[in-house]
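Number of protein chains: 2
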Amino acid sequence: MTDLELMGKKAAEAKYRVQELSAREKDHALLAAAEALTANTDKILQANALDIAAGEAAGMREGLLDRLRLTPERIRAMAEGLEQITALPDPVGEVMERFTRPNGLEIEKRRVPIGVIGIIYESRPNVTADAFGLCFKAGNAVILKGGSDALRSNTAVAEVLRKALGAEGIPEDALQLITDTQRSVTAAFMKLDRYVDLLIPRGGAGLIRSVLENSTIPVIETGTGNCHIYVDRAADLTMAVNITINAKTQRIGVCNACESLVVHESVRERFLPVLAEALRARKVEMRGDERVREILADAKAAEEEDYGKEYLDYIISMKTVDSVEEAIAHINRYNTGHSEAIITEDPKAAEKFLNGVDAACVYVNASTRFTDGFEFGFGAEIGISTQKLHARGPMGLKELTSYKYAVRGNGQIRS
Amino acid sequence: MTDLELMGKKAAEAKYRVQELSAREKDHALLAAAEALTANTDKILQANALDIAAGEAAGMREGLLDRLRLTPERIRAMAEGLEQITALPDPVGEVMERFTRPNGLEIEKRRVPIGVIGIIYESRPNVTADAFGLCFKAGNAVILKGGSDALRSNTAVAEVLRKALGAEGIPEDALQLITDTQRSVTAAFMKLDRYVDLLIPRGGAGLIRSVLENSTIPVIETGTGNCHIYVDRAADLTMAVNITINAKTQRIGVCNACESLVVHESVRERFLPVLAEALRARKVEMRGDERVREILADAKAAEEEDYGKEYLDYIISMKTVDSVEEAIAHINRYNTGHSEAIITEDPKAAEKFLNGVDAACVYVNASTRFTDGFEFGFGAEIGISTQKLHARGPMGLKELTSYKYAVRGNGQIRS
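So the protein lines, in turn, are chains G and X. First residue of the first sequence: -15, per this note's numbering; consecutive thereafter. First residue of the second sequence: -15, per this note's numbering; consecutive thereafter.
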């Protein structure tokens, strides 16, 4: 048995204990874990300083260093994240449906934990605490594989959390961190379907693709967003400017940011100059089709590939269409199934867009930036699913559960 | 673009039309398809005769030939299957949840089709019609890949169904059949995640493993069942005999049949002789541990691997335990997450078993044979899921859908 298989086995054993815990026991453990994080701030910062020094020595860019860097405030925020999870209702045990069959069998559909959840993530060490907290509250054991840049920080955080669990009489193996940074170990992790029930990659498109291609564990794809705003012929154009600017520039590096504008021909001439002024003021580069460039002399020509790109930058692509149907077809061709918005005062166009666009979240007259577990009222999220199986859109605690059928009879046999 | 990619593209185009169809339109098309099957009985039988002849020439076993063989009655049953689907409620469009956020955003969680569903199956040609019917009623397009033994039969059935769709003004490409039997094509099908949203393998453990290992499309595992009956110390022993005999012998080749008996030490001496008599009468081979063999002289010694086996045959493994906890641990070690039963009059033991056993369907005092879409009242099923993501247990129409969030605002932006 390899080290990794042993981890899988331990997680699979720990899951039976975690799934039996009451909401009170889980919340108590989460509060103890939060306290332990704060109490061990120095230890975690020391570990983090080594990661930062190694990153600097390797010439890591400032943006990445910033994601990697911990401070007392950021550790406090991690602890608060765990505390906030205790306020969320425990999804485990909920009776989702109950029905009786003509033969007298009483069937109950019960919400149960998934079991063992694997998470592969990149730089940010706070994911170690966040992901553990959500999976644990939903009654699952976790195996985490963080980025090698953050190995020392993640190890320190995981050790603190494990000890806190142990002190509560909960198996420490409810949280395990893979510390072997060899690629072959990550590859083997993706094949650990004997022990791991769900694998969630959190990171860029490359990581997600690699997991999809190599995993034998069921995967939930998260977080790539090529989101569009479609400004319909019946749009309130002031609202359209406000929403586009918000969705594009309020925070550029996030998956629910707008990457592409689709504009109806009949409002092109009135809308684009006003929008462009606001975009220029925020130094957003514009890349448009010919009809856009007729109006906006400073827009670059959009290449075909621009329409499929998640820029995560101060760049926006722009496309002109002649109907809401064409807008829907364009969006369905290039989007990533994340979040799409129509700006319109026409209820028929709105309904057509809501029905026709194939995405987790489809908006009428609101910014795509609302696709978020907190904004949806889920209290927290483990990610935004862009696939259609199991969970779509923001994934909160419920999305980290499965169900089982509990069937009670009095001797029924099948004839 | 390869032929397969072209099929994917066509399916992805057809899905937009299928997802817009009303329940009435879908039901009308299903009835037309059912009628077309009956009307084309001769044509389908001719194609099937060629498959049968080829099978016989290749020395195919009678059991497999029987699965492959069509008769007017079996074609009529296929047609009736489609007719029955029209009686089921359309799941598409159901509002699953609706809530308003403090900022005024109105969020509606709507049930929507999954999109394009791929199904890979083995011998039986009736799956071509059944799988199409269920997926279509749930608003999906399908790409089917049947066994090469049944290629001519499947092609004939698919052609009839496609023409019936076309005559209803529905894109024929809502149903496509892969007719290229090269392994490389099947392998490429499993990687068609650009167009296919869900892949369901229907067949033996080898097929399922191959799909899990090679697919980049989300997969739902179905249909391997190593199901246990646990006879508790507080069991009604007459009921235990009836249920065990039913679950083991009522139909041996199905995934919800019992493969293994677990018996509490304290009832071993009273229960096993009575059960064994009934098993012997039905020519069931018994393979037990030492404590079983002390009682049953004719039981063979069970090897470790017996406990992990889905026999699908007149064989049963038998294991003695000293507690319900040991029974649960034994079952969780060897089961496939399908269906498990406890026979007991003790409510505490029952609840412990219901909570502790990790399986899609857990029974108290009833046969595992009830794990079935019809028996659960779902009207039909596409398979029994043994995984925890998306769907668990019998998968009916609802399990062939996803959801989206439709969000309505009046200009909300994120601050």
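These are calculated hints, taken from the structure and not from any lab test. Hints are not guaranteed to be accurate.
Note that identical chains are pooled: a pair holds if it fits in a single copy or bridges any two copies.
Derived DSS-like pairs (lysine-lysine); straight-line CA-CA distance at most 25 Å [to be verified]:
no.	residue 1	residue 2
1	K175	K147
2	K332	K93
3	K267	K93
4	K93	K382
5	K284	K382
6	K(-6)	K147
7	K(-6)	K336
8	K147	K284
9	K93	K336
10	K(-6)	K175
For each hint, the structure was consulted:
{"no.": "1", "hint": "K175 to K147", "in the structure": "neither (28 Å within a copy, 42 Å between copies)"}
{"no.": "2", "hint": "K332 to K93", "in the structure": "between (38 Å within a copy, 19 Å between copies)"}
{"no.": "3", "hint": "K267 to K93", "in the structure": "neither (53 Å within a copy, 37 Å between copies)"}
{"no.": "4", "hint": "K93 to K382", "in the structure": "both (14 Å within a copy, 14 Å between copies)"}
{"no.": "5", "hint": "K284 to K382", "in the structure": "neither (45 Å within a copy, 47 Å between copies)"}
{"no.": "6", "hint": "K(-6) to K147", "in the structure": "within (16 Å within a copy, 55 Å between copies)"}
{"no.": "7", "hint": "K(-6) to K336", "in the structure": "between (50 Å within a copy, 22 Å between copies)"}
{"no.": "8", "hint": "K147 to K284", "in the structure": "neither (56 Å within a copy, 48 Å between copies)"}
{"no.": "9", "hint": "K93 to K336", "in the structure": "between (35 Å within a copy, 16 Å between copies)"}
{"no.": "10", "hint": "K(-6) to K175", "in the structure": "within (16 Å within a copy, 32 Å between copies)"}
Against the hints set out earlier in the document, violations occur for numbers 1, 3, 5, 8.
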